[in-house]
Structures are given as structure tokens and as C-alpha cells.
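Participant: For the record, the sequence lines run as chains L and U.
Residues 0 to 190 (numbering that gives the first Met the number 0) are what the first sequence spells out, left to right.
Residues 0 to 190 (numbering that gives the first Met the number 0) are what the second sequence spells out, left to right.
None of these hints come from the bench; they were simulated from the model.
Do not rely on the hints blindly, as some may be mistaken.
In this list, chains with the same sequence are indistinguishable; a pair is considered to hold if it fits within one copy or across any two.
As the list claims (entries may be wrong) - When the alpha-carbon atoms are kept at most 16 Å apart in a straight line, the in silico EDC-like pairs for lysine to aspartate or glutamate are as follows:
#1 K57 / E70
#2 K101 / E20
#3 K90 / E185
#4 K101 / E112
#5 K90 / E184
#6 K57 / D149
Next come the chains, spelled out residue by residue.
Number of protein chains: 2
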Amino acid sequence: MNITTEQIFDRARTHNGFLGEPIDDATLRQLYELMKWGPTSGNSSPARIVFVRSPEAKSRLLAAMNPGNVEKTRSAPVTAIIGMDMAFHEKLPQLLPHADAKSWFEGKPALIESTAFRNSSIQGGYFIVAARALGLDCGPMSGFDAAKLDAAFFAGTSVRSNFVCNLGRGDPAKLFPRSPRLAFEEACTIA
Amino acid sequence: MNITTEQIFDRARTHNGFLGEPIDDATLRQLYELMKWGPTSGNSSPARIVFVRSPEAKSRLLAAMNPGNVEKTRSAPVTAIIGMDMAFHEKLPQLLPHADAKSWFEGKPALIESTAFRNSSIQGGYFIVAARALGLDCGPMSGFDAAKLDAAFFAGTSVRSNFVCNLGRGDPAKLFPRSPRLAFEEACTIA
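This is chain L alone, in the form it adopts within the complex (with noise of 0.2 Å):
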């Protein structure tokens, strides 16, 4: 499929607000299509995530929003959380069926806790960028109450919160103007 960098990082912008559209079953399985082969460490794949779309899930994620959040959350069609299962190496038979990973992590719950943390976060960099491949705009977050929004949608499971992120067509009126990025020099170093 064609699409253009300005589309997934220079022109994209970080929305606010969401006008009414809804997003089909299609649409995020495409999504998920697409960020699935991102790659992670291992093949471990430790992000799972929730596509939050009906008034009564909409209302249970409302109640662990941070205030700031609530009313951009209410208004976009389908809010993503983006967990983590720490019980990922269950599945590294099956993701890495070559080797023996899964003895890499048992039994090490810190290694455990830094591979799903690391990885899923850089698949939600995926996410992001495949959302914005879609045509869709994104509003991710950090502000919520983890324990609380874990206990609405994961109880029972081995799977964390790690961000949440609006999905729909953002309303360029609720737009912020945008803030500056660190110049190369100040991000980087050819060594």
C-alpha cells in the first residue's frame, strides 16, 4: 500500500479531539496486520491489545482516565490500550519454535518485566505509525490510573496496561500548536 512519511511522521500530529466516525472490525484488523510484523526481540510479540469501541467498555476505560484525558477519550470512536502479557514466553514455542526460548525467561522475572515493558512499547510505536499508514489520527496517552484501568480490563490475566491511544479522525480544530523536537545535535552522535 502507498503512503508517505509526511503521512506516518512529519505531517501527523498528536490529536485532541475526534469527530464521530466510526472504525469497522476491517480497519483494526488491519491494523493489526500491518504492526504485527514489527520486529522484537526474540520474536516475543509481548503487546496485547484492547480496541475499546462499545458505550459500556468506552465508560469502564473513562473511569481510570486521568481528568485531562476524559473528554478527548469520549470522543474518539475506539481507544487502543496497549498492554503487555508478562506470561509472553508461554508463547515463544510457538513465535520462536527453532530454539528453546522460553527457559531464556523463566524463573527470571526481571528479565521477564524489561522484555515486555521494551517490546511492547516499541510495538505502540508500531501501532502508531501503521494507525497513521490506515489514515486513522492518534492521540496516545500516559495518563491514567493503572491499577484501576488493569482491573477493569485485565483481572484474571497475565497482561498489563502499558499506554492507551485515541483512534479516529481527529478534529484539527482541538489541535495544540506543536511543540519543538532536539535538534540532531542535541539527539545524536556520529561515533
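Given the structure of chain L, go ahead and fit chain U onto it with the hints provided.
Facilitator: Just chain U now, with coordinates in the frame of chain L:
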């Protein structure tokens, strides 16, 4: 710039060996100028990147890589260290000038740690996509001695390594068979 989703996702592969072609400064700058626009929490932008290209710097890097990652890293014309600045909040007056965002983090080491790790990893996802958009192949790796690498590249700074990524034109002869990904139903739910 026109690109395709196949180029950044479906058909892109993790490479384990690289052909000799060098990568010039202009391409490394272009890579950063794309990825820098990807959103981060509060525009925190904690990723710091060292592009390791000189033989002297490469030799310091190789000494920190796990044995299985040494040869592929040696073959790459450039290896990027994706680091994270644990004092990223010092730059928030510049990056988020309309808020007193620096004060949200001061004296909160756990919040600094999770924000730096999550957001530099998300930026790592943007980095890989941006490299592929420019026609570079990637070989991201977590297998290295972080303490040794940090001592060799970040001594006396507030930066710590997150992960490492080989860059260049991949050698198709050294590709592994592609590992499977989780089905939509295994990784996602629509609530």
C-alpha cells in the same frame, strides 16, 4: 516521500549480516529528522542515539555484544545505540514550553525511569520504521552487556542504553526463515 507499508512492515526482515556499503552522515541525519516527529509522552523525547561507525568505536561496541551478535554487528556499516536520557526532564522547558512539565518529574525516580524506558522504546519503533523508509535494513538486538556498553559510551552522562540496532544493506544470504506472528484473536480483543 513515497514509501509502502510492505517496505516498512510486511516485507521488511530482521537482518543478520550486512553488505559493505557505507552510510553517509546525510542519511543518518535524515533518519533522525523523520523519527523525531513521532509522539512521546509530554513530548519528553528521551531517546539519545549514538551512531557507531568508526573502527575505534565499533571495536568498543563489539566488546560489549553477546558472542552471537558480534559477527553481524561487525558486518554492519553503522550500528545505532538507542539510549535513554535519565535526565530528559531537564529539557522539558524547551520541549514543552507552555507547561511546567519539569516539575512533574523532579524527585520522582520511578516515574523518570518508566517514562524514559517506555518512550525511548516507542521512539525505537519509530527509528526502525524510519530507517526502513530510507531503504536501510535493520537488525535490532537486546543481547549485550549493558553495564559494559554504558561504561564505553555513556560514562559521566545521564544516558543509559536501551537497545542496539544494526543498519545497512542486509545480506539476503544470511536471512533466517521468517518466524510466525500471533493471530489477531491471540493478541487483540474488541471490547
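Participant: Are the hints correct? Go through all of them and say.
Facilitator: Hint by hint, here is what the structure shows:
In this assembly of identical chains, K57 and E70 lie within 16 Å of each other by CA distance solely inside one copy; the values are 12 Å within and 49 Å between copies. Taking CA atoms no more than 16 Å apart as the test, K101 paired with E20 passes in neither setting, with 43 Å inside one copy and 36 Å between copies. Only between protomers do K90 and E185 lie at most 16 Å apart by alpha-carbon distance; the minimum there is 10 Å, versus 40 Å within a single protomer. In this homomeric assembly, K101 and E112 come within 16 Å of each other (Cα to Cα) only inside a single copy, at 14 Å, whereas the closest approach across copies is 27 Å.
In this assembly of identical chains, the alpha carbons of K90 and E184 lie at most 16 Å apart only when taken from different copies (14 Å versus 41 Å within one copy). In this homomeric assembly, K57 and D149 come within 16 Å of each other (Cα to Cα) only inside a single copy, at 14 Å, whereas the closest approach across copies is 43 Å.
In this structure, only the earlier hint numbered 2 is contradicted, and the remaining ones agree with it.
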